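Protein chains: 2
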Amino acid sequence: MSITRPLGFRAAATTAGLKPSGKPDLALITCDPTTPASLGAHGHAIERRHSAAAVFTRNVVVGAPVEIGRRWRASQGKGGRALRALLVNAGCSNAATGQPGIDDAIATMQAVASGLRCTPDEVLPSSTGIIGHRLPVDKINAAVPALVQALARGEMADDAAAAAIMTTDLVPKAAHREFELERHHVHLGAIGKGSGMIAPQLDSAGNVVPHATMLAFITTDAAVEQPCLQAALEEACRESFDRVSVDAHPSCSDTVVLMASGAAPVRMIHRDDPEYFAFKAALTAICQDLARQVVRDGEGATRIFRVEVRGANTHDEAVRIARAVVDSPLVKCAIHGKDPNWGRIVTAAGNAGVRFDTADASLAIGGVEVYRGGVPTGVARNDPKIVAAMSLDLVQCALTVGRGPGTGWMLGCDLSDKYVRINADYTT
Amino acid sequence: MSITRPLGFRAAATTAGLKPSGKPDLALITCDPTTPASLGAHGHAIERRHSAAAVFTRNVVVGAPVEIGRRWRASQGKGGRALRALLVNAGCSNAATGQPGIDDAIATMQAVASGLRCTPDEVLPSSTGIIGHRLPVDKINAAVPALVQALARGEMADDAAAAAIMTTDLVPKAAHREFELERHHVHLGAIGKGSGMIAPQLDSAGNVVPHATMLAFITTDAAVEQPCLQAALEEACRESFDRVSVDAHPSCSDTVVLMASGAAPVRMIHRDDPEYFAFKAALTAICQDLARQVVRDGEGATRIFRVEVRGANTHDEAVRIARAVVDSPLVKCAIHGKDPNWGRIVTAAGNAGVRFDTADASLAIGGVEVYRGGVPTGVARNDPKIVAAMSLDLVQCALTVGRGPGTGWMLGCDLSDKYVRINADYTT
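Chains A and B, in that order, are what the protein sequence lines are.
Note that our numbering has the first sequence beginning at 1, numbered continuously upward.
Note that our numbering has the second sequence beginning at 1, numbered continuously upward.
With the rest of the complex left out, here is chain A (with noise of 0.2 Å):
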């Protein structure tokens, strides 16, 4: 189980005819407000006790839907509503289509709003597809009253919302986590899809900078006071979403949500409790495993590489390195051919716009040192060692650039044909 294994969430999914295959491509995830009864025995107070968080794509080209997502996330602390329901579809992304976009996304949340006697704006949508074309309202309201009839809990109905989801994807992705607050279980899902126009640099609620569609949902039934859920969020996905690299290609339509239900029976969260530590852990750990997930069915990927940077001045100059690399189509060739061909790694770090001294460069495939002090080692091509790291299905690299205190990865996929036919006859 995924999404409904956390107490108070519901889903639903159907086919309401976006996807010219057929298939099914609307999702609803509802989060029930918590009662009394509902926390039994060890009830504390339950005025608001679920809280949503969000973090959208840093493109400056975005879809309707991160539109009404910043306005609501925006909202947060200044009296805006908590999130009761997300309607999610695939098969139209409802991006670069302006105003009349926006109002078509608003239709399908009176919609969900109305049969889930709630308003708008608890609702948030979200969209993944074609870019350029209008929303098809019509087809979507049109399934939203069946959608809510069908919300239910169990593998069913979690296995259903994450397949509706996938556009490209060969594979629904989905996660679970659970940890100990106040002796009770507490429990994290999520559900995910994305496999190209895969790059996410997720944004900040303080700050909207610029930058796949990624989507991913994931629901908790922790209780979590908003400021803190919104801040794990953003740090949990700094290191797991933002790391991974498809395409390089940060999509108009990222998108990561988190609900929680506060439907557990223990105390809410604030920021400076040691509960919140425990809670970001397993939130880092369920977003890592979906991000993974996610490069893992990478368009056309057959295998994945993580590589590793050390001894840059910062953490965010080691990042800058590691994204060179992995974004590198030389370096996803040689992965994908299994060539241990380190010239292509060594120089794509050098292009990263970060200064570093290659006397101090050192580089590992798989813990096998091929280059040293800015000279090749002499590991042969067919060493037997370098062959077999470089046949896994993770190869590991890990890249030296100097003696700083700035550590930072990325994992990325191999660059196969099959990428190529998936982007040039297919529309995406």
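Simulated from the structure, these hints should not be mistaken for laboratory data.
Computed from a predicted model, the values in this text were never measured in an experiment.
Keep in mind that the hints are not guaranteed to be accurate.
Said to hold, decoys possible - Where chain A lies over chain B, by a calculated footprint (3+ residues, C-beta under 8 Å):
id : stretch
1  : 172–184
2  : 243–257
3  : 349–355
For each residue, glycine too, the CB sits at the ideal point set by N, CA and C.
Assemble chain B onto chain A, guided by the hints.
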């Protein structure tokens, strides 16, 4: 004819045994000092009529020849000698080889100097090929005496040199321009190579900032004062080599060298002379010609596309946006598939890290406007005009991002299955 069309230059090429294919792999281009006799009746002062200028990759990781070239350049204006010869090999880039690599390169410079009776600092080496392998100095130096003997002017010499410097190039690259000065025809000639690891971002003499292997060697019989020659080359590169990208991976060896023999019977050009602008225009034109040949022969490329950005705040912002578009694997695949998937173009632009308002944004492909004011214009995917525009050898995209004065362009190529095969199956 190309590099020996300008007076004062000779060239030769041979097979030193560096390429596994056994094809020619070593070229020598010389600039002969101008003598009063060679200037004939129009003779001017002959002291130091010849000069040279160079730009190199901004990659932090560079080949030994680039290190040597940077030192040579730094010596100009400080008593350093002009260049008499370029020794160019393909098959081994002599990069990531540390001090031993520099020593190797110097040994080849000494061999050439000895053959030409000049000093080693009048010889510049340049190398392209596999990274992280020691230069086969013995093979090169054994070939030098015959190479010096074979130096000649004419089409055969030019063609031999252009062929010897090729790596994954399918076709040799050469260009020629002439313009009139003081009623004399002044010539420029050029040869170049480059197919993969192409996204040159060349530095300037004044400010070495961080970034293919793209090599270009340009000759002219104009007489140009060195600082002025360097300035002209840097400005020409900004609007040519720096504006092309095959795979967004600048090499450790990118080098452009311009040698002026001063052998044409015309006055020496200084920075504020009207002749400077005529010279720079001809130089820019020959660089653009060669740059376009490089991207046209990009690894696996079947077609090229040009992205022109208007309305940005600055030229730099416009170029950053254009670069984000030509380097997006999704856009490159759409060009390959002749798919008018303009949403990829617009979202790639939105990833450039440059803020713009989509309400002011528009996009035309081959003159057909598909997006205006942040919304689709409604052109159908199968509209004959858009199908025709997407099927041309050169696809033209014009993107407006606002009302600012900044304009800029980039030239890229499509991404095909063949690119993947070349780079997954072949070690460069």
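Against the structure, the hints:
With a threshold of 8 Å between beta carbons, the proposed coverage of the stretch 172–184 of chain B by chain A is violated, since 0 of its residues qualify and at least three are required. With a cut-off of 8 Å between beta carbons, the stretch 243–257 of chain B has 6 residues touching chain A; three or more are needed, and the interface restraint holds. Coverage of the stretch 349–355 of chain B by chain A holds [criterion: at least 3 residues with CB-CB distance below 8 Å; count 7].
Checked against the numbered hints above, the structure breaks only hint 1 and satisfies the rest.
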